[in-house]
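Protein sequence lines correspond, in order, to chains A and B.
With my numbering applied, the first sequence closes on residue 359, and no number is skipped along the way.
With my numbering applied, the second sequence closes on residue 607, and no number is skipped along the way.
Certain hints may be false.
As the list claims (entries may be wrong) - Listed next, the in silico DSBU-like pairs over lysine-lysine satisfying Cα-Cα at most 35 Å (straight line): (1) A:K276 x B:K585; (2) A:K342 x B:K114; (3) B:K107 x B:K263.
Read the hints as simulated data drawn from the structure, not as lab findings.
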Amino acid sequence: MMGEVPFVLDFSRVGFTERALVGGKVASLGELLRHGCRVPPGFAVTSFGYRRFLEANGLEDRLRQVLASVAPNDLESLERASQQITGMFLESRIPREVQGAIERGYEELSIRTQVSDPPVAVRSSALAEDSEQASFAGQQETYLWVRGAENVLDSVRRCWASAFTPRALSYRLTQGISLDDGVAVGVQQMVHPRAAGVLFTLSPRTGDRSLIVVEGSWGPGVAVVSGEVTPDEFTVNKVTLEIVHRKISPKTAQFVPTGSEGVLVKVPVPEDLQTKPCLCDEEVVELARLARHLEQVYGFPLDIEWAVAENEAFPHNLYLLQSRPETVWSRRPRSSIAANFKDPLSYVVQTLAGKALSR
Amino acid sequence: MTDALRFQSPFEVQTPPGCEGWTEMYPYYLLFSEDRRQEEENKLWFYNGMHAPEAVHPFDTIGFEAGYLGIGEMSSRMFAIPPAMGIDFRFLNGRLYISPTAVGDPKKIEERAKLFERRAGYYFQNWPQFYEEWREKVKREIEQLKAIRFPELPEVEDERLVFERKGYGTSQEVFEAYHRLLESIFRIWQIHMEIVMIGFAAYFTFYEFCKKAFPEISDQAITRMVGAIDVSMFRPNDELKRLAKRAVELGVDSHFRPGADVKEVFQVLEQTEAGRTWLEEWRRSSDPWFYMNTGDGFHHHHRAWVDDPGAVFGILCDYVAKVKRGESLERDIEGRRRDRDQITEGYRALLQTEEDRRAFDQLLGLVRNVYYSIEDHKFYVEHWYQSVFWNKVRELGALFVRQGFFRDVEDIFYLHWSEVHQALMDLLLSWTIGAPARGPVYWPPIIARRRELMRKLREWNPPPALGTVPEAVVDPAVVMLWGITPERLRAWLEPEKAEEKVLRGFAASPGVVEGPARVVLSVDQLHEVQEGEILVCSVTEPSWAPVFSRIRATVSDIGGMMSHAAIVAREYGIPAVLGTGSATKRIRTGQRIRVDGDAGTVTLLED
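Please build the complete structure, drawing on both the sequences and the hints.
What follows is the structure, given as structure tokens:
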């Protein structure tokens with residue numbers, strides 16, 4: 001980055017190289033944009049903004065004091081430290097220059113989306129660790145359907161504090177990750193999803209890399225991620241982009257945002273919609289095409305969150321919300337299936353004899 | 001093995017009413033019997049509706065005897081395919097059931113592997129050349145078959161025989177001619193299996209490789225990588241298209257009206273110069289391309305197009321209409337080749353190691369060579385040879401008719417070939433001796449009874465499998481051609497739910513369509529198929545290819561990924577779901593169904 005380090009950066013201006021400033025999650029959203037994917041617009045509150053917050057409130061020394069007494073396996077001390085830090089954070093003021101930058105960012109979002117007080121998701125974006133590990137550590141707090149600058153600022157502060165939940169603390173202590181590492185936060189426009197879910201660029205059942213498996217259900221993706229609903233499952237051939245299998249499940253519930261805070265409430269799905277596929281074929285194929293493209297660019301299998309916006313026309317209704325490396329199958333050792341391959345003939349013989357012998 | 005999965009025992013299968021005594025039509029060694037009961041009940045027998053979609057006439061068992069002799073010779077004894085001996089077979093209520101014979105002993109498999117490596121290796125290394133020579137060998141066999149004559153039995157021999165001092169007469173010539181006929185068909189089927197069995201072994205290996213690399217890869221994706229693009233099996237249909245174009249060019253297209261009688265049309269064409277030119281071209285295409293029969297060569301009454309042009313006249317009319325509308329009849333060979341190369345490159349790129357990619361390339365190289373032959377060979381033996389063969393048998397049948405043994409040329413097919421042997425000896429003895437034969441009194445009532453039996457057996461619905469499900473199916477041909485795997489067998493065993501609206505089979509050709517079904521139980525009903533219908537049949541024959549230009553999709557009871565129906569469906573770009581086990585029983589003509597050739601499902605949309 002040239003010049004003065006900004007407190008706020010638009011998604012379109014970041015990529016993996018800005019990871020230390022905006023965190024892994026936001027950096028990957030920026031990358032998605034660079035690779036031509038549709039991502040709901042938003043901006044990052046940078047780790048520089050976070051530091052300024054600490055400085056302005058003299059929080060750094062206080063943090064160090066509290067953390068000095070914490071042991072990773074002592075749950076009580078973790079709890080105590082976490083509460084103290086959260087309290088400190090929520091009492092502190094965001095310095096004027098940072099607050100101004102966030103407010104301007106939010107205002108720009110409002111202009112771009114032509115919505116006053118647009119609902120946004122505010123989530124922390126970890127800096128150091130792989131994002132999936134961070135998410136495992138519960139370090140990635142998310143606030144959905146946040147409206148109004150005041151609420152946005154409050155949520156940003158809560159995200160900063162979320163780096164100090166007992167679980168996050170314990171994780172960072174055991175992993176030897178510096179505790180005064182910064183925190184970045186993403187502020188992103190909410191889409192009104194007709195349907196949403198996850199997809200993998202391999203088969204989660206067998207690790208087959210020639211398949212893309214899309215899982216989805218009605219409404220926001222939380223229904224799928226939380227396991228509250230058995231999602232529809234579409235299996236797509238990665239090579240030909242043909243849908244090779246459709247499993248349509250009765251999707252009995254979905255989440256809807258209610259009230260001004262947009263709290264998600266689980267409601268029953270109308271009966272005639274329950275057994276209808278939540279995606280049409282062209283949407284499935286387009287998602288698969290995007291995912292295949294990203295996997296080729298990144299060079300490893302991906303786990304992607306997606307949403308289909310209501311009231312927008314295909315293909316502009318398809319959004320990617322998050323992309324991270326797939327971990328379950330990708331971490332297994334890559335063993336050659338044709339180990340010691342000599343020539344086709346001996347392989348034919350081995351297969352025929354081996355097949356019979358392994359009964 | 002106490003809790004082995006079992007289908008109904010062959011010994012529990014009831015004889016259909018009025019079919020008592022059907023066993024007399026088949027030789028003793030091809031029947032389930034008490035003396036082999038224990039062994040027979042412990043094996044798996046599956047209905048080979050792919051090659052024998054109907055009850056088999058007694059004489060037609062010869063094709064299966066020759067075929068399974070050939071399979072056994074090549075698999076067990078010649079190439080020593082490590083895990084597989086031959087394929088056993090039985091007739092039950094006139095239907096053909098077959099059972100792969102596995103090699104159980106691991107030590108024996110090891111020994112066979114060494115033999116196989118040397119022997120099959122010799123073929124694999126020289127495949128394109130050997131296949132070329134193989135084709136020439138088959139053509140020579142067909143020439144020899146055509147040369148067989150059943151001479152008229154004269155009142156006295158021509159004096160030429162006397163003065164040439166040949167030393168034997170026409171009775172001997174007839175006798176030898178029959179023997180040559182038998183030798184010929186048994187020989188051609190060994191030659192047939194010479195390339196086919198090890199061909200399946202190679203294909204099976206590539207299939208296993210792909211399944212290991214991509215555990216959920218569809219069978220279809222594998223065949224699309226291997227895909228034979230332009231083989232002789234498509235040539236007959238291409239010739240029909242050519243003739244359709246010629247008809248328009250010559251200005252004789254007005255005669256090609258659907259429903260017209262083909263004999264009359266040919267007579268009318270004979271009247272004009274242009275018509276005669278067209279007929280001349282028809283005749284040129286006919287030999288050999290219209291030796292294509294309407295089945296798979298194993299039923300004598302599935303006549304070749306050259307013998308019964310009625311079978312394809314309707315299609316010819318369709319093509320003429322298309323040419324007049326300016327539609328292209330060309331197959332997009334280039335497009336298919338591109339498609340194949342793209343898919344291959346796509347899968348190759350997904351392999352994880354350089355070693356795997358090397359293995360993939362080399363196996364694919366072998367399999368593409370081999371697979372081309374497996375597709376291509378079929379025209380030569382199943383169609384060209386078999387069509388000539390059945391007509392040769394009819395020539396012998398005509399001799400029996402002239403000698404008063406049979407009323408009709410076709411009656412000969414109600415005798416097993418060993419019975420024909422006896423009848424021929426009866427005939428020759430009586431002619432030489434000058435005393436009455438017993439045959440003219442002996443055979444007609446037997447033939448009449450058998451005709452009635454065949455009629456009734458036709459209506460019987462054979463269960464897809466009998467006996468005990470094995471833990472593994474190791475015969476490459478059984479997996480690749482018939483699509484028999486333990487998983488499939490288990491699926492067949494699951495009780496069918498009446499309310500279940502979905503049938504499952506092999507996703508053999510991609511695409512999803514809806515439309516009205518047309519259930520075709522035998523070849524004679526093929527002409528009923530209307531434009532835009534979905535063909536539902538026991539087994540789709542490749543020779544039905546022309547009808548594929550009318551239909552939207554096809555569904556069959558029987559058929560695997562390498563079955564020719566799958567190839568033809570992909571060739572025509574229409575969805576296919578094969579091997580459903582019960583489509584012809586569950587679906588009726590006119591019913592709306594949805595065929596999903598990607599998922600391998602058929603959904604019944606209305607009752």
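Against the earlier hints, flag every one the structure doesn't satisfy and list their numbers going up. 3
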